Every structure is written in C-alpha cells, then in structure tokens.
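Chemist: Can you build the whole structure from these sequences, using the hints too?
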Amino acid sequence: MPETQHPDDDGVQIDMISAERMDGLRTMEKIRLILDGVHDGNIVILEQGLEPDEESKLIEVTMSEISPDGFTGIEIETYPTGGSDTGILGKLMGKSSKGKLTVIGPANRIETLHKDENLISTLIHEK
Amino acid sequence: MGILTELRSSISRATSSLFAGSEPRRIGIYGPPNAGKTTLANRIARDWTGDAVGPESHVPHETRRARRKENVEIKRNGRTVTIDIVDTPGVTTKVDYEEFLEHDIEKEDAVRRSREATEGVAEAMHWLREDVDGVIYVLDATTDPFTQVNTMLIGIIESQDLPVLILANKTDLEEASVQRIQNAFPQHETIPLSALEGDNMDEVYDKIAEYFG
Numbered sequence: 056m057p058e059t060q061h062p063d064d065d066g067v068q069i070d071m072i073s074a075e076r077m078d079g080l081r082t083m084e085k086i087r088l089i090l091d092g093v094h095d096g097n098i099v100i101l102e103q104g105l106e107p108d109e110e111s112k113l114i115e116v117t118m119s120e121i122s123p124d125g126f127t128g129i130e131i132e133t134y135p136t137g138g139s140d141t142g143i144l145g146k147l148m149g150k151s152s153k154g155k156l157t158v159i160g161p162a163n164r165i166e167t168l169h170k171d172e173n174l175i176s177t178l179i180h181e182k
Numbered sequence: 008m009g010i011l012t013e014l015r016s017s018i019s020r021a022t023s024s025l026f027a028g029s030e031p032r033r034i035g036i037y038g039p040p041n042a043g044k045t046t047l048a049n050r051i052a053r054d055w056t057g058d059a060v061g062p063e064s065h066v067p068h069e070t071r072r073a074r075r076k077e078n079v080e081i082k083r084n085g086r087t088v089t090i091d092i093v094d095t096p097g098v099t100t101k102v103d104y105e106e107f108l109e110h111d112i113e114k115e116d117a118v119r120r121s122r123e124a125t126e127g128v129a130e131a132m133h134w135l136r137e138d139v140d141g142v143i144y145v146l147d148a149t150t151d152p153f154t155q156v157n158t159m160l161i162g163i164i165e166s167q168d169l170p171v172l173i174l175a176n177k178t179d180l181e182e183a184s185v186q187r188i189q190n191a192f193p194q195h196e197t198i199p200l201s202a203l204e205g206d207n208m209d210e211v212y213d214k215i216a217e218y219f220g
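Protein chains in written order, with the working numbering: chain A, 56 to 182; chain B, 8 to 220.
Bear in mind the hints are in silico, worked out from the structure with no lab data behind them.
Computed from a prediction, not measured in an experiment: that's the story for all the values here.
Among the hints, erroneous ones may be present.
Unchecked claim - Pairs of lysine to aspartate or glutamate, EDC-like flavour, derived with a Cα cap of 16 Å:
id, chain 1, residue 1, chain 2, residue 2
1, B, K101, A, E120
2, A, K112, B, E137
3, B, K101, B, E123
4, B, K101, A, D171
5, B, K101, A, D124
6, B, K114, A, D124
7, A, K170, B, D151
8, B, K101, A, E115
9, B, K101, A, E132
Modeler: Below is the structure:
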C-alpha cells in the first residue's frame, strides 16, 4: 500500500482495491495486501473477490496471525452465489467465481447487520 | 439443482465409483463450530465400528485437531462402502479467547484453547485443499445458513469438484428449519437429521453410500 496521510485516530480508513490492482498479484501478495491493511485497522473493499483457493489460504494465514489480546481475525463478507458453476464445467463454459464485491475488516471492528443475495449491511466500530 | 452443477456432481460421483473397492475414501466432516460435526462422526463410528471419534461439547472449538477414524465399513443394499472419517475443527475467520471465558474457562486455558483452535482451523483448510476425497457438510438447522464461512467453504469445495453431502442437523429442536438450508444451497441436496438422537440416519447412510461409495 503506498504511503498515505494517516487519518485521525478515531477515523476509519477504507481501502478500495481495484480488480486491475489485484489481477497483477500472486496469491500471497493479495493476502498480504489484505491482511496488512486489516492489521492497521482498515476496512478493505475488493472490487473483485478472491478465488476459492485464495479464500482458503486467506483463512489459513489469518489463523496463523491471531494472537491473544491482539489480532482476533477478520470479518469478511461477499454476496452469496446461490449456486456455483465454477468447477471444471463452469470454467469450460467461461464462468468464474470472480466478480463479487468483498468487504474485509478486523473482526473486532466490523459487524455484519444483514446479508442476503443483494445487500450486505455492516456496522463499523470506531477504534 | 442447476443442470451444470448436477452434471458435475454426477461426474464427480461416477469418478468416485471408479476408485471404489480400492483405498478407503477420506471423507471430511466440515462445517461451522457447534454444528454437531463430532456428534455425527461419533454416531457414524459407533454405528459401524463400536468406537467414538472424540469428545462432544457445547463449547465452541472443542475439536481443535482433525481426528480420523479409519476403515469405517458401511453396509447398504448388499454393498459395503469403506471410508475414513476425518472430523475437522469448525471453520471460522476469527477466534477470540474471551469467547471461552463465557463458558467458565480460566484465562490461561482459554488462551491455550484459542491458540489450538486457530491451528486446528488452518489444519482443516489444509486437509480440504489437499487430503480429502469428499465432504459431509454439517449445518445447524436452527441457525442462519447465510454466513460467509458457509458461502466460502461451499465455494471452495465446489471449486475442487469434491462430492459434497449437505446435512441439516439438529432437527430434534423445535426451531430447526431444513427449508432454510435448502434455500441457501439449492444447488445441492440437503438431508435432514438429528445426529444426537439418531433420527434419519438410514437416509444419511444411503446417501453416503451413493455419494462416496
């Protein structure tokens, strides 16, 4: 993440990361970009979500970084797919699991109020 | 069930059948914490081997290491299906030791449990990517299935083309809604059961034989 002017201590920084930015990164680079932001207390919004395998690794790396009285993990939300055609046949048909707006934040700061196929409503607690 | 998804499931199951009769298939029992995964694993293991897999508890993350029960032979309609059951820790994206304090657990023990829980979740994800041949996904039918962990895990399982059987557990409780789970994952078959009471286990075993045999 480039140097930015840090917001006031009680503010909330939101990093909106474009699909183009993520496309040029390897899996671990994506995960670091996300988790480094979350460790700083930021809310990270991905224009295009992660692949399932990347989500799996994100969970695994997140678990390895949790510590008592420190980082307690992440809250992550995407829209439910309501059915997937992203396996071999789906890929052959040109379908992809990408394209889902994804919100990620520190577990102790972001709270999901409501989620359905079309709406994610979250509450962000101040520091 | 969508046509493509149904076709893919059929291919997955047909591919699975090609390997039937050779190595036992490793079936991971996955789901969020407190869905009843270990209760189900114990029910299956006790029914077919006489032994349990691990302790059950209402405290989240009681299972903090993947536990395996090998060579479970399930007999259905004159056939024998042999599987290895892998009971995995409940998957989550956050673990706070203070959750354990609410269950009258001392801080030192709570911190140890939370550390083990994080290692267990990471291990469960690793098993899912590398080492299981099929998945039994257990959901608590009394809770909202539209959670991010469920959405992500089902997506990960589908992306690996693993055969998956979704079980709507805890149907012995009045507030259970199997329909809510069917609505959340319409691309998959949902089987209701109470692992605790042993309700509808015959259908569960029929489906295990069909999906993983």
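Chemist: Does each hint fit the structure? Answer for all of them.
Modeler: Comparing the hints with the structure gives:
no.	hint	in the structure
1	B:K101 <-> A:E120	holds (10 Å)
2	A:K112 <-> B:E137	holds (12 Å)
3	B:K101 <-> B:E123	holds (13 Å)
4	B:K101 <-> A:D171	violated (21 Å)
5	B:K101 <-> A:D124	holds (13 Å)
6	B:K114 <-> A:D124	holds (11 Å)
7	A:K170 <-> B:D151	holds (10 Å)
8	B:K101 <-> A:E115	holds (11 Å)
9	B:K101 <-> A:E132	holds (13 Å)
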